[in-house]
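Trainee: The residues making up each chain are set out below.
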Amino acid sequence: MKLVRRLALVTLVLVYLACLGADLLAPAGYATQHRESPNAPPGRTFLLGTDELGRDLLARLLHGGRISLLLAPAAALLSTFLATLAGLAAGLLGGWPERAFARAIDVSMSLPWLFLLLSIRAILPLNVQPLESLLIMFLLLGILSWDAAARVVLAGTRSLRTQDFVIHARVCGVHGWRLVWRHMLPNLRPLFVAQFWISVPYFILTEANLGLLGLGVGEPLPSWGNLLRGLESLPALADAPWLLAPLVLLVISVGCFHLLAPMEESHT
Amino acid sequence: MTLVAVLAGALALAQSGGELRLCLRADPKTFNPVAVSEDSSDAIRYLTGGVLIRANRKNQQLEGELAQSWRVLEGGRRIEFRLREGVQFSDGSPFSAEDVAFSIEAYSDPRLQSPTWDAFRAGTGRPRTTVMAGNRVSIAFPVPVAALDRLFDQVVILPKHKLGRAYREGGLREAWGLKTAPDEMAVLGAYRVAEYKSGSYVLLTRNPHYWKTDAKGRRLPYLDSIRMSIQQNTDIELLRFMRGEIDLVNSLSPDLFERLKAQRPGQAVDLGPSLDWEFLWFNQVAQAPIPGYKKAWFQSAVFRRAISSAINRSDICSVVYRSHATPAAGPVSPANRLWFNSRLRAETADPNLSLKRLAAEGFHFSGGALRDRSGNLVEFSLLTNAGNKPRERTAALIQQDLAKIGIRVNVGTMDFPSLMERMTRNYHYEACLLGITNVDVDPNGQMNIWLSSSSNHQWNPSQAKPATPWEAELDRLIQAQASEASQERRKAHFDKVQELIVEQAPFIFLVHKNALAAVSAALEGAAPSPLHPRTFWNADRILLTPALRSAR
Chain Y
697 MKLVRRLALV
707 TLVLVYLACL
717 GADLLAPAGY
727 ATQHRESPNA
737 PPGRTFLLGT
747 DELGRDLLAR
757 LLHGGRISLL
767 LAPAAALLST
777 FLATLAGLAA
787 GLLGGWPERA
797 FARAIDVSMS
807 LPWLFLLLSI
817 RAILPLNVQP
827 LESLLIMFLL
837 LGILSWDAAA
847 RVVLAGTRSL
857 RTQDFVIHAR
867 VCGVHGWRLV
877 WRHMLPNLRP
887 LFVAQFWISV
897 PYFILTEANL
907 GLLGLGVGEP
917 LPSWGNLLRG
927 LESLPALADA
937 PWLLAPLVLL
947 VISVGCFHLL
957 APMEESHT
Chain R
4 MTLVAVLAGA
14 LALAQSGGEL
24 RLCLRADPKT
34 FNPVAVSEDS
44 SDAIRYLTGG
54 VLIRANRKNQ
64 QLEGELAQSW
74 RVLEGGRRIE
84 FRLREGVQFS
94 DGSPFSAEDV
104 AFSIEAYSDP
114 RLQSPTWDAF
124 RAGTGRPRTT
134 VMAGNRVSIA
144 FPVPVAALDR
154 LFDQVVILPK
164 HKLGRAYREG
174 GLREAWGLKT
184 APDEMAVLGA
194 YRVAEYKSGS
204 YVLLTRNPHY
214 WKTDAKGRRL
224 PYLDSIRMSI
234 QQNTDIELLR
244 FMRGEIDLVN
254 SLSPDLFERL
264 KAQRPGQAVD
274 LGPSLDWEFL
284 WFNQVAQAPI
294 PGYKKAWFQS
304 AVFRRAISSA
314 INRSDICSVV
324 YRSHATPAAG
334 PVSPANRLWF
344 NSRLRAETAD
354 PNLSLKRLAA
364 EGFHFSGGAL
374 RDRSGNLVEF
384 SLLTNAGNKP
394 RERTAALIQQ
404 DLAKIGIRVN
414 VGTMDFPSLM
424 ERMTRNYHYE
434 ACLLGITNVD
444 VDPNGQMNIW
454 LSSSSNHQWN
464 PSQAKPATPW
474 EAELDRLIQA
484 QASEASQERR
494 KAHFDKVQEL
504 IVEQAPFIFL
514 VHKNALAAVS
524 AALEGAAPSP
534 LHPRTFWNAD
544 RILLTPALRS
554 AR
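Chains as they are written, first to last, in my numbering: chain Y, 697 to 964; chain R, 4 to 555.
Incorrect hints may have been included.
Covered stretches of chain R (in silico footprint by chain Y; criterion: 3 or more residues with CB under 8 Å from a CB of chain Y, positions within the stretch not fixed) [what the hints assert, rightly or not]:
1) 212-220
2) 400-409
3) 428-437
I should point out that these hints are in silico values taken from the structure, not numbers from a laboratory.
For every residue, glycine included, the Cβ atom is placed at its ideal position computed from N, Cα and C.
Chain Y with its partners taken away, still in its complex shape (with noise of 0.2 Å):
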């Protein structure tokens, strides 16, 4: 493992590990309204001031990581899982169900997500929680998601299926699941992996997109999205530069898991 790839997990870890103790770090709470200090720069009771609410912004910062961080990576791994079986069995069938499904997957990628993400999310139920409704937006998220690594992992089987070890594994009467489970799987392996890391930073920044909508999670829940809605007053960040925090975490949160993608390609 390259030093970069060492440091870049070391500092991941540091910020789940932070994220994970945020009520320690922070005991003031992500909720609690402290009205009578509403936009208090750093000091010794906000270590990190507070957001216009008065509410502790180094505790918003952490829970919001909690966010970020747990809930992308559970959305790359649903989309993977998805993209991975769809790719799959495509892939393996050959002819027309794989031109069929590669059609899919570019009509899927044409499609206008936010706008899509927009319209499913007003049908929702009235009465959901904030954590809810958080865990409905990065389900849809990780449903939503499935093409691009779909393609990936169809062009993979696709590239498998012609090998000679998969041709010898079919005429020794190898077929079916345990034509995938034995030869097929292991080799796509690194893919799904790849796909895996490249998505949990899609996610996380997915999330922070709609936040800056003000369509993520609902209040008084916190995420690293609706935190960097507070910089969009560039003038104001010159007043208050501790505003930059949530934008500092995501990016070297997001630059961390770029770096720990694996880079080496699939083999047989």
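Let chain Y serve as the given structure and place chain R on it in line with the hints.
Mentor: Okay, now just chain R, sitting in the frame of chain Y:
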């Protein structure tokens, strides 16, 4: 030679009022006064259009403009104007009673559906205009119209010689579009449209035939031109103001206002409460797809008032609006001196009073949460439009305030079209937090909110007949004030309307936002008012200081 040139330059500078610069938030949709329906076009109409009567935005009194005098007759059924002599349109054509008659005919034409005429539609039928001797015009309406003279503040007089043909041929609504050559548009206001570049700016120049003069007999307006840049981003608008590129900002958010105040304290102007209100309401629509037990809560005035008394309006003012807002007592802001009901007081936060009210309705605490008589957990969703930070913050404060009395509020944000779909079509919502922007001081401007038959009667719109006795009474009172000629009796009726609304709390009024503006120190004569159009309502009397004029 040099001395002569310098003197000539100085003389020219002394005669020139300079160019006023400000921003519009969006491109105008039209230059046609009949078709105006949004803010940008309205600002241009205000600056370029001549009206018979204008409401002074400072003292809220009516002043004669193109009408030298006027009389409201037959209990508001008829109004008679005596027109000013010698007035000319910007193209030099004379203004006459024929133009007034043509304008009334055009605005009241149902085929044109002019938004300006909505306020006049007290009954069916069109007004009859009679041109009389002595430069007088009489306009008779089929039914009495309350505050008839005040409504003429919005009615810009159209040039018959320019638009008469388009009207006869049925194309008036399409006339004076954004591509119309400026020479084709003849106006009676202080300025005329000189140039428009889509997405960039609108340039207005002085109307050379404007009739008004100042106390010293100098011809108005003082300014040579007004350049209105199209700028959607309020941060950039403020930056441009601070760099001296623009001279006025008509509306500022509290955050931006505070930033300006810290850097240029003399130029940040808090004009006090505006006419606007922020409020929340519960869905009382009978066919709404929400559980029956929740409908029962929402239809209970006691429940609504209990929610009202649990909300800390002072905190909303200080935390969300940085003390640039006033707790709201009712639908009329204290800025509306004519119609404000001073007997009403904004409710102060009192969780104990809320719990007492709720207990009277059978609500009780169980397991740390509030439950109704049947044991249902008291929980509702509160929707607001995504991207509006003050509203999202207000919702978060309300969420915490109601948590104190054991009520769980799920705050949801939604893009505006989706929210409108729920509010107006499928009624799939429980509570909603929004704001009302008022430009009209007269209660007739609120008729479409309070009448139970109206589609804007938001808590239970478009009722075939009033669903509750108090809504029937509300209908009666609001209609009574609309058809009453006496100002005192109208005020008495509308005071009762306000009291009834506060007592029944179909809307829970939260705050009146303050009108926050920025006015450059390099302007003379600016007298901003909380009423629209705040900073430039007297644009014919504003001028730039000589220093700024020479710098430009």
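Trainee: Taking a Cβ-to-Cβ distance below 8 Å as contact, does the region 428-437 of chain R have at least three residues touching chain Y?
Mentor: Held - the region 428-437 of chain R has 3 residues with a Cβ nearer than 8 Å to chain Y, which meets the minimum of three.
Trainee: Do three or more residues of the region 400-409 of chain R come closer than 8 Å to chain Y, measuring C-beta to C-beta?
Mentor: holds (count 3)
Trainee: Check, residue by residue, whether the region 212-220 of chain R contains three or more positions whose beta-carbon lies closer than 8 Å to a beta-carbon of chain Y, and give the verdict.
Mentor: violated (count 0)
Comparing the model with each numbered hint stated earlier shows that hint 1 is the single one that does not hold.
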